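> Next come the chains, spelled out residue by residue.
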Amino acid sequence: MTGAENTLVQIVKAIVIFAVILQIIPIILWAERKLLGRFQSRLGPNRVGFRGLLQPLADVLKLVSKEQSAPATAVPWMMAVAPLISIVTAVATLAIIPFGPPGAWGGDFGLYGIDVPIGLLYFFAFGSLAFYGLVLGGWSSGSKFSFLGSMRAAAQLISYEVAIGLSLLGVAMTAGSMSLVDIVDDQTGMWFVVPQFVGFLIFLTAGFAESSRPPFDLPESDAELVSGFNTEYGGMRFGSFFMAEYIEVVIISGVATACFLGGWHGPGPEALAPLWVLLKMGLFVFFFIWVRATLPRLRYDLLMSFGWKILLPLATLNVLVTAIVLVAT
Amino acid sequence: MAANGSWDPGEDVIAVQRGPEPGGLAGAARIFGATLRGLRTTMGRVAEGPVTWEYPEEKTPVYPRFRGRHKLHKFEDSDLEKCVGCSLCAAACPAECIRVVAAENTPEHQVSAGERYAAVYEINMSRCIFCGYCEVACPFDAITMGNDYELADFERSDLIFTKEMLLADSVEHTPLRREGE
Chain A
12 MTGAENTLVQ IVKAIVIFAV ILQIIPIILW AERKLLGRFQ SRLGPNRVGF
62 RGLLQPLADV LKLVSKEQSA PATAVPWMMA VAPLISIVTA VATLAIIPFG
112 PPGAWGGDFG LYGIDVPIGL LYFFAFGSLA FYGLVLGGWS SGSKFSFLGS
162 MRAAAQLISY EVAIGLSLLG VAMTAGSMSL VDIVDDQTGM WFVVPQFVGF
212 LIFLTAGFAE SSRPPFDLPE SDAELVSGFN TEYGGMRFGS FFMAEYIEVV
262 IISGVATACF LGGWHGPGPE ALAPLWVLLK MGLFVFFFIW VRATLPRLRY
312 DLLMSFGWKI LLPLATLNVL VTAIVLVAT
Chain B
143 MAANGSWDPG EDVIAVQRGP EPGGLAGAAR IFGATLRGLR TTMGRVAEGP
193 VTWEYPEEKT PVYPRFRGRH KLHKFEDSDL EKCVGCSLCA AACPAECIRV
243 VAAENTPEHQ VSAGERYAAV YEINMSRCIF CGYCEVACPF DAITMGNDYE
293 LADFERSDLI FTKEMLLADS VEHTPLRREG E
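Chains as they are written, first to last, in our numbering: chain A, 12 to 340; chain B, 143 to 323.
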């Protein structure tokens, strides 16, 4: 913490980060559809705008102009609140992703929303809250597919939160801090991906579950549950869920960058810090898309047993070994 | 059948090779390896590049024998129609989509090379099954199957092709498949 920054700086930072990420989301959407196409020997969207670049805009315009509807069995106010929970928690988590050290662009402000001393806990807390959006949204829809989707979301949450927490515990122990800024600072010599490689793999795997992306997109399961928890949603409410999912991808990429890939560290002057962060985040986003194109969705029980029987013991072992190594050296 | 009632397959027995049971660290390692192989496979598709035909701009070429929209023919030297209005095509048509009304040629009004000509020659493309029997039935090779396959239209009535439409050259030529393509 560099002391309390003045309110104006905070507001400007909040707006800038929000605006930048919001501009990145459509690009990710476009890149995903384009890359998925390439992975499947297709071209992907190429009709709207140059190489289909305006496709996300066209999709959003379509969503905005659509009617909201709810089944007779739904709880309307809860249905309206659920996408809000998803998007608010997703956007709130953006605040802790560090884009640059304090003073990188002059002045005495850091290129991040806030530097919370318990940064990782903040990330877990909002990550878990985000699942309430999925669970409530599906439950209040009053449809069996939505209900099954939200039940799966809940089951997925409990199988993965522990593993993802333990995978980052090793990082927190090595850096001796929970603040993402301190963690990145501590990686000046060596990125944590080397000493914490197992933790890195576990975090990545659990990250897919956290952002409910394939192969762990069980809340959605579009093959068997129509569209899972958001089956009954339409228009921009669905759009909010959709956008929250992609912000979640950005967050997982951002946290992975900060905790394992050295955050803003890279060659060149310090002012280039945000570029390096965005570049590394792009790598992760590419990996997310690559995996989505590759792996089929796991069966429900396999996902649970994978989470509890493989990821959790591995993560625990990782923490134990890290602790022993830390004490020994 | 053995004495105790249990069946002994003898040398016919085939040992089924099953993969290891999922779970455990060995399972995790196996999943990890399989995932990496999968990732390599998908990246291989990127390296190969897309196989898409961008259809409206890039039409799929057809084989020379492809049966598309019909064509009526004229003699190249005399500009007379080959069709003599015999209605054999209409008789051969299993979908009954051809209508021919014949009329007599007169010295002042010589349309075809024979005694009679088709005053009306219509093919209802919404019923045609593109079997090519009309082409086979025609004694004068007056009607043949062309290569055009872009026949969609907005009205059913627009799909009834008149003699003039069938005689006219196609607006856009369908690409033909080259040797070995």
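If you're looking for bench data, these hints aren't it; they were derived computationally from the structure. Quick caveat, the model's predicted, so the values are computed rather than measured. Even for Gly, the Cβ is constructed at its ideal location relative to N, Cα and C. Please note: incorrect hints may appear among the correct ones.
[Stated by the list, open to error] Only some residues are given here: those of chain A computed to face chain B with a beta carbon under 8 Å: (1) G48; (2) R49; (3) F50; (4) Q51; (5) R53; (6) W301; (7) L306.
[To be verified] Example chain B residues on the side facing chain A (calculated, C-beta under 10 Å, incomplete): (8) G175; (9) T177; (10) M307.
> What hints, given by number in increasing order, does this structure fail?
8, 10
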